[in-house]
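In case you want the letters, here they are:
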Amino acid sequence: DVKVTQSSRYLVKRTGEKVFLECVQDMDHENMFWYRQDPGLGLRLIYFSYDVKMKEKGDIPEGYSVSREKKERFSLILESASTNQTSMYLCASTLLQGYLDSPLHFGNGTRLTVT
Amino acid sequence: KQEVTQIPAALSVPEGENLVLNCSFTDSAIYNLQWFRQDPGKGLTSLLLIQSSQREQTSGRLNASLDKSSGRSTLYIAASQPGDSATYLCAVRPGDGGSQGNLIFGKGTKLSVKP
Chain L
1 DVKVTQSSRY LVKRTGEKVF LECVQDMDHE NMFWYRQDPG LGLRLIYFSY
51 DVKMKEKGDI PEGYSVSREK KERFSLILES ASTNQTSMYL CASTLLQGYL
101 DSPLHFGNGT RLTVT
Chain X
116 KQEVTQIPAA LSVPEGENLV LNCSFTDSAI YNLQWFRQDP GKGLTSLLLI
166 QSSQREQTSG RLNASLDKSS GRSTLYIAAS QPGDSATYLC AVRPGDGGSQ
216 GNLIFGKGTK LSVKP
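Read top to bottom, the protein sequences are chains L and X.
Just so we're aligned, residue 1 is where the first sequence starts under the numbering used here, counting upward by one.
Just so we're aligned, residue 116 is where the second sequence starts under the numbering used here, counting upward by one.
With the rest of the complex left out, here is chain L (with noise of 0.2 Å):
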C-alpha cells in the first residue's frame, strides 16, 4: 500500500515564524502536491513538483514555497506565517505514466494555526 506520511497532525505558530510542513511518500512517485483546504473553498493547489529539483507554483502560491532535493520528500515552506495561512494542509503523490495516472495518494494531513 502506498503510503504519504505528514511529520505532523497539528501545528500551532506565531504570526512572523518560518514553517516546515515535510511530506514523505514510499512509491518512487515522481509527481508530489501541496494542497490546502479550507471550508467553502475546497481544496486548492499551492505547488507541485513533477522531479527532483523541479517545482511548478500552482493556483495559489504567494506566501509558501517548496524544496524537493530527494524524491521522496516534498516540503512545504510558509516564509513568514500569518493567520490567513491557518489552514489543513494535505500532501499528494502520484504515479504518472505518460496520460494514465495512477490514484492520487493523500497524508492525513497537517492542522496548522496561526496565532
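Just so you know, the hints here were simulated from the structure itself, not pulled from any lab data.
For clarity, every value in this text was computed on a predicted model and none was experimentally measured.
There are no misleading hints in this set.
Chain X regions said to be covered by chain L (calculated; three or more residues, Cβ under 8 Å): (1) 151 to 158; (2) 217 to 227.
Label-pair restraints from in silico Cβ distances: (3) X:Asn137 / L:Ser67: 36 to 42 Å; (4) L:Ser8 / X:Ser174: 30 to 36 Å; (5) X:Asp142 / L:Leu41: 16 to 22 Å; (6) X:Glu118 / L:Arg73: 29 to 35 Å; (7) L:Asn108 / X:Asp142: 30 to 36 Å; (8) X:Lys229 / L:Glu79: 43 to 49 Å; (9) L:Arg44 / X:Ser143: 22 to 28 Å; (10) L:Leu11 / X:Pro197: 29 to 35 Å; (11) X:Ala144 / L:Asp38: 25 to 31 Å; (12) X:Gly131 / L:Ser67: 47 to 53 Å; (13) L:Ser82 / X:Glu118: 23 to 29 Å.
For glycine and all other residues, C-beta sits at the position ideal for the given N, C-alpha and C.
Got chain L sorted already, so can you dock chain X onto it with the hints?
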C-alpha cells in the same frame, strides 16, 4: 477554466438505501476523473479512477460512471451503511497537457447514513 460542481452539498439517507452522488465539469477535455472519500479531520482516500476512454469503474458496492461529452459523472453506492458516512469528492485531471497530474476538485457532498 475547468470547474467541478457537486450537488447536493449534503445528503442524509436511511441505512440500506441505494444512492447516487453527482459530479459535473465544464470542460469535457479531461484525462481522467477520480472519486475520493474524506473522513472528518483526515486526508482523502481514492475510491475509483475512471480514465477518459472508460465509461465506468466498480469496486465492491461502489460504481462510478463517466459521460465525458455531457460533463457528468455519478457515484452509485448500493445498500448504504452508517460507515459510508463521509464527504465524497470528485476531481478531474484537465486534458490541457500541462497539468502534470494535477486535479481540479469539486467541493464535495457530505453524506450521512442514519442507522
